[in-house]
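2 protein chains.
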Amino acid sequence: MKILHTSPRTDGFAMPAEFDRHQGCLMIWPVRGDSWRLGGWPARKAFCEIAAAIAASEALTVLVAPSQYETARAMLSPEIRLVEMTTDDSWARDICPTFVRHDKGIIRGIDWGFNAWGGLTDGLYFPWDDDNHAARKVCDLFRTDCYDYRNFILEGGSIHSDGEGTILTTESCLLSAGRNPHLTQAEIEDKLCQALGAEKVLWLPRGIWGDETNEHVDNICAFTAPGQVVLAWTDNTDDPQYPLSAACEAYLSRQKDARGRSIRITHLPIPQNPVCITEEECQGLDLWDGEPTRTPGERMAASYVNFYIANDAVLVPQFDDPMDKLACDILSAQFPHRKIVPVAAREILLGGGNIHCITQQIPSTERSSFYA
Amino acid sequence: MKILHTSPRTDGFAMPAEFDRHQGCLMIWPVRGDSWRLGGWPARKAFCEIAAAIAASEALTVLVAPSQYETARAMLSPEIRLVEMTTDDSWARDICPTFVRHDKGIIRGIDWGFNAWGGLTDGLYFPWDDDNHAARKVCDLFRTDCYDYRNFILEGGSIHSDGEGTILTTESCLLSAGRNPHLTQAEIEDKLCQALGAEKVLWLPRGIWGDETNEHVDNICAFTAPGQVVLAWTDNTDDPQYPLSAACEAYLSRQKDARGRSIRITHLPIPQNPVCITEEECQGLDLWDGEPTRTPGERMAASYVNFYIANDAVLVPQFDDPMDKLACDILSAQFPHRKIVPVAAREILLGGGNIHCITQQIPSTERSSFYA
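Chains C and A are the protein sequences, given in the same order. Per this note's numbering, the first sequence starts with residue -9, numbered consecutively. Per this note's numbering, the second sequence starts with residue -9, numbered consecutively.
Hints were generated in silico from the structure; no laboratory data involved. Hints may contain errors.
Claimed, not checked - Computed list of lysine-lysine pairs in BS3-like fashion (alpha-carbon distance at most 27 Å, straight line):
1. A:Lys35 to A:Lys329
2. A:Lys(-8) to C:Lys35
3. A:Lys246 to A:Lys190
4. A:Lys329 to A:Lys315
5. C:Lys(-8) to A:Lys35
6. C:Lys246 to C:Lys190
Could you put together the complete structure from these sequences and hints?
Take a look at the structure:
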């Protein structure tokens, strides 16, 4: 693994869309008891279900803390590769490399700086050094060279690429005080374009209400094809999510992407009933620095947009809510060539994210047009 | 990774010779301060030299304790892959899987039981559970299925294969009380043949004098081609090694291999001057359970036979001894198509083994006749 200090765009590399072909996927086994209740056990079952659905479609590697190797091995099916890696938590999307690809069939990883979603300003845990070191180790594992972007704080969940020069992100996250406050919006935009081989950044103003990542884009809006997105939506003007989604829609409807296309927006409902953590669930969480990490009744940032697009399937979070089926139907229409796999996601949501947050795709070395 | 409970021989698998083609090699970064003096630092330099020589010839993966990843990454060249793995020490030969191959181009690993060279009877450290679990993790890493031989205690350094049905081992090790005392010699022989796809086991009576592994075969005798071995030798009848080597020669000269060939024996000298650990070197070792692990003046089991055969090179231990060059010349004649790479090996020897002990080849999926 070579550490590179050049710009991926200058080197001819760009981030493929998630709906492009994957050579595999990464996940991280859940361990920490202040993120995952009851010592991680209910979350592990959900992770295993997701892992099995992904492994049916692409080569999955699960990273695991040394102490959990045997337990994870016994719970995961044999075709899933399990590799030791020390991390602070289980958010593969945010700590694994973002992979970029060259037309000549080479992929490389980007090692962003990671500070637990805001560092000492408004980060979610401390320390985060093992997480910060994971991207480089993953590049090493996959024998890909690695771009050093450690001086730029970014999580994979805060960006989406359409694979054709357009990046989607949120102002609430990328302009937050805990990320790169020394950089202007224009400078951040330039960093993104250089790193991801892109020409245009679409800046949604906000994300999902209550999302503790400072409102990552991957919870509110996702490309389903170039020029086409799904946007988390509610028609209930009293819901705190309404103004956030409305602002995003207003913004997107005025924008064109890097290829000059207007953005076709499809609404994806949020759950009809707010998903709130119960007192019993809170009691199963370890304290952090002497304090509870959740409050009973707290509304979680539940969103169907936090799906994962595998080669042959789309894994869709489900919340035991009346909207569950509609969300699957809408995504089925967006991805007509992929199987829709609904996954009970409450236990992942309680940890603070969802299916997209706990996965990271590794693009195939060859561009694919199979989504077209 | 599937865990298999069948017999490799019945499944059509056999252990290739080390001089057959490799797809890669494994090493483990040295850490423990009671094995490696001065916190492992002098040993690391020797390991790095060996790693570089191997990586010039085949794909090398170095396994590393989480805490040492960054130091190791900085010291190893970029083409060497570094992967986290928790182990008790650094003896890849003895704790990594022994790989077996099928004619159809599949390789699988064997996960032997490991008890630190003798368990509570005469083992060298406690606990050894991380070492015992490493073989399975390596199979997982390389996506090979894994034969479960955990109920049979064996280290990779105690066997050699000629790739044509013959296994070389020592009675002193395999019949020792700390290995498999519940099995007869015939039962152990059958286990070896089943596991390694072999038909015949050659049982050398002894190994190198003072070898704390109960005299592993890989320190005294090695195949250089089918029907051909090098044997550690001294003409000095007063040397404690003399009767051990003489007994091995007497045994081998009476034997035929699985194909009915007599064994052609080439003497490889032991160092002219005994290699003994100094008081200063001992002072750099951490205590274990309150006791020193070495005694000043202790003679180490130095042997040139503990070489490693890489695809394009043979790495030969050197002891700053008058015999160093002769050993290289003899091995050069044995391996005319490979470059001879002399490596200063004192620091590895002080840890209790040598170049062969800290490496494990991964055979190519295709049989090669390039050594013929």
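Hint-by-hint comparison with the structure:
1. A:Lys35 to A:Lys329: holds, 21 Å
2. A:Lys(-8) to C:Lys35: Measuring from Cα to Cα gives roughly 21 Å; hence the hint holds.
3. A:Lys246 to A:Lys190: Measuring from Cα to Cα gives roughly 9 Å; hence the hint holds.
4. A:Lys329 to A:Lys315: holds, 14 Å
5. C:Lys(-8) to A:Lys35: holds, 21 Å
6. C:Lys246 to C:Lys190: holds, 9 Å
Comparing the model with each earlier hint shows no violations; every hint is respected.
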